[in-house]
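Trainee: My request is simple: use the sequences and hints to build the entire structure.
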Amino acid sequence: MRIRAVRRDELTDLQDIERAAGLCFRDIGMPEIADDEPLPLGELAGYLATGLGWVAVDDEDAPPVAYLIADRVDGALHVEQVSVHPDHARRAIGRALLEHLADHALLERVPALTLTTFAEVPWNAPYYERCGFRRLDDDALTPGLREIRAREAEHGLDRWPRVCMRRAL
1 MRIRAVRRDE LTDLQDIERA AGLCFRDIGM PEIADDEPLP LGELAGYLAT
51 GLGWVAVDDE DAPPVAYLIA DRVDGALHVE QVSVHPDHAR RAIGRALLEH
101 LADHALLERV PALTLTTFAE VPWNAPYYER CGFRRLDDDA LTPGLREIRA
151 REAEHGLDRW PRVCMRRAL
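Residue 169 is where the sequence shown ends in my numbering, and the numbering goes up by one at each step.
Some hints could be false.
[To be verified] Ranges between beta-carbon positions, derived for each pair:
#1 A34 / L107: 30 to 40 Å
#2 P31 / A119: 26 to 36 Å
#3 D59 / D158: 40 to 50 Å
#4 Y127 / R159: 18 to 28 Å
#5 P111 / D9: 33 to 43 Å
#6 L48 / R19: 39 to 49 Å
#7 R159 / D61: 37 to 47 Å
#8 A168 / D87: 25 to 35 Å
#9 R146 / P111: 16 to 26 Å
#10 D59 / E154: 35 to 45 Å
#11 D103 / R26: 16 to 26 Å
Treat the hints as calculated values from the structure; they're not laboratory data. Here the structure is a predicted model, which is why all the values come from computation and not from measurement. The C-beta atom is built at its ideal place from N, Cα and C for all residues, glycine as well.
Mentor: See the structure below:
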């Protein structure tokens with residue numbers, strides 16, 4: 001797999017990847033997450049402008065099989081979404097995308113990566129811990145992370161335990 005910047009003509013591929021990756025939530029009793037729509041094309045296009053969107057493709061540059069988008073939040077790069085198509089799961093592609101983001105952060109002299117995720121879903125918080133992220137206590141949350149958590153709560157994600165995580169670089 002090769003990681004490169006996402007292209008405008010691939011934005012619908014990102015939506016398709018997220019929909020496919022989300023289906024596994026149905027199997028663990030979270031059908032609302034499985035049915036949640038991905039970001040609209042207009043919002044995804046914003047990641048082209050910021051340069052914070054990447055895809056994983058095979059050597060022939062076929063359609064993407066995974067992607068990561070990030071935002072700048074309180075001096076860190078925040079993982080907004082990382083999704084791997086289930087046909088390509090368990091091949092360390094998600095980890096490679098996270099490492100690519102970490103390398104990008106180091107080039108920008110950004111000291112950390114952050115994300116929010118489900119605390120008890122095996123491929124969420126436990127996975128990110130194996131990738132070097134640590135759970136943050138509520139008193140350690142930055143204003144930007146608090147704002148993200150508030151938006152998530154408004155969206156109904158607090159029906160299941162959520163956690164903010166940080167990986168120092």
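Trainee: With reference to the structure, classify each hint as holding or not holding.
Mentor: Hints, verified against the model:
Between A34 and L107 the beta carbons are some 36 Å apart, a value that agrees with the proposed interval 30 to 40 Å. A beta carbon spacing of about 19 Å between P31 and A119 contradicts the range 26 to 36 Å that was offered as a hint. A hinted range of 40 to 50 Å for the beta carbons of D59 and D158 is consistent with their spacing of about 42 Å. In this structure, Y127 and R159 meet the distance hint of 18 to 28 Å, their C-beta atoms being roughly 20 Å apart.
Hint check: P111 to D9, Cβ distance near 34 Å, so the stated range 33 to 43 Å holds. Between L48 and R19 the Cβ separation comes to about 20 Å, which falls outside the hinted range of 39 to 49 Å. Between R159 and D61 the beta carbons are some 39 Å apart, a value that agrees with the proposed interval 37 to 47 Å. A hinted range of 25 to 35 Å for the beta carbons of A168 and D87 is consistent with their spacing of about 33 Å.
Checked against the hint of 16 to 26 Å, the C-beta distance between R146 and P111 comes to roughly 19 Å, which is consistent with it. The hinted range of 35 to 45 Å is satisfied by D59 and E154, whose Cβ atoms lie roughly 42 Å apart. Judged by the Cβ atoms, the range 16 to 26 Å given for D103 and R26 is violated: they are separated by roughly 34 Å.
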